[in-house]
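Enquirer: Protein chains in written order, with my numbering: chain A, 4 to 139; chain B, 79 to 175.
Keep in mind that the hints were calculated from the coordinates and are not lab data.
Cβ coordinates follow ideal geometry from the N, Cα and C atoms, glycine included.
Any given hint could turn out to be false.
[Stated by the list, open to error] Facing chain A, a subset of chain B residues (Cβ under 8 Å, in silico): (1) His117; (2) Gly123; (3) Val143; (4) Phe145.
Here is how the chains run, residue by residue.
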Amino acid sequence: MRRRLFAWEEEMVGEFILLLASVTLQVNREDKWLSTLKNSNTFTVRSLYDFLTIQLQVELPVDVSSIWHRDVPLKVVVFAWRLFRDRLPTKDNLLRRGVINHDSRTCVAGCDFVESSSHLFLHCNIFGSVWHLIYS
Amino acid sequence: MLSAQYGTDEGRLRGGGCEASEWWRVVHNLSRESWFNDHVSRWVGNGKTTLFWSDVWCGRVSFRVRFSRLFELSIFKGESVFEMLQLGWGEGGEHGG
Numbered sequence: 004m005r006r007r008l009f010a011w012e013e014e015m016v017g018e019f020i021l022l023l024a025s026v027t028l029q030v031n032r033e034d035k036w037l038s039t040l041k042n043s044n045t046f047t048v049r050s051l052y053d054f055l056t057i058q059l060q061v062e063l064p065v066d067v068s069s070i071w072h073r074d075v076p077l078k079v080v081v082f083a084w085r086l087f088r089d090r091l092p093t094k095d096n097l098l099r100r101g102v103i104n105h106d107s108r109t110c111v112a113g114c115d116f117v118e119s120s121s122h123l124f125l126h127c128n129i130f131g132s133v134w135h136l137i138y139s
Numbered sequence: 079m080l081s082a083q084y085g086t087d088e089g090r091l092r093g094g095g096c097e098a099s100e101w102w103r104v105v106h107n108l109s110r111e112s113w114f115n116d117h118v119s120r121w122v123g124n125g126k127t128t129l130f131w132s133d134v135w136c137g138r139v140s141f142r143v144r145f146s147r148l149f150e151l152s153i154f155k156g157e158s159v160f161e162m163l164q165l166g167w168g169e170g171g172e173h174g175g
């Protein structure tokens with residue numbers, strides 16, 4: 004059973020038909036995706052990467068670009084890079100990511116502080132003392 | 079190949095529930111991310127691989143969103159732009175009267 008369209012529906016149909024009247028297809032051309040990130044409209048992973056990283060640039064207190072050195076093993080560089088951006092799986096980060104619960108967020112050394120990267124690498128009485136050994 | 083693997087809903091590839099791989103779900107979810115979606119657009123040539131209602135190919139939103147009431151009424155929901163143009167816009171087309 005069909006009913007007549009309501010007035011507002013008719014109006015919408017009118018607008019729709021007007022819009023569609025302007026559409027012409029090009030028989031010999033395939034539909035395609037365009038990327039609007041580059042003037043050439045071609046998609047590259049690089050252009051998307053650049054777009055994302057420009058937005059997410061974090062100001063760091065020190066210049067850490069020097070860690071990217073060819074003599075340093077990659078795993079060490081990546082570890083340092085994650086440390087400077089606080090992306091290591093320290094317990095405070097694991098808690099934020101929902102991996103562990105609130106009760107198990109204290110330092111693995113048993114010092115009752117929250118295990119953050121600054122605690123673990125600088126202020127912890129157990130692990131922080133490694134620095135003194137290095138400098139002495 | 080992708081449609082054989084994952085199936086389609088109204089002409090669109092399915093994102094898959096638990097049976098799809100983790101990778102496919104991540105790729106599929108890209109289409110809902112504005113940081114990705116806002117920077118791709120559909121260029122229509124012959125209209126054969128662009129979905130009339132669901133793809134954004136004319137204007138800034140899909141017809142499905144912009145003319146949602148007409149989409150509800152339409153009996154052709156998964157057709158391509160090409161197929162819809164073949165059907166025509168009037169009687170016997172996407173809105174019978």
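Enquirer: Now tell me, hint by hint, if it's right for this structure.
Expert: Do the hints match the structure? See the list:
Among the interface hints, the one on His117/B holds; its C-beta lies about 5 Å from the nearest C-beta in chain A, closer than the 8 Å criterion. Below 8 Å, beta-carbon pairs count as interface contacts, and Gly123/B has one with chain A at about 3 Å; its hint therefore holds. Because the closest C-beta pair between Val143/B and chain A is about 13 Å apart, greater than 8 Å, the hint is violated. The restraint placing Phe145/B at the interface with chain A holds, with a minimum CB-CB distance near 5 Å, inside the 8 Å limit.
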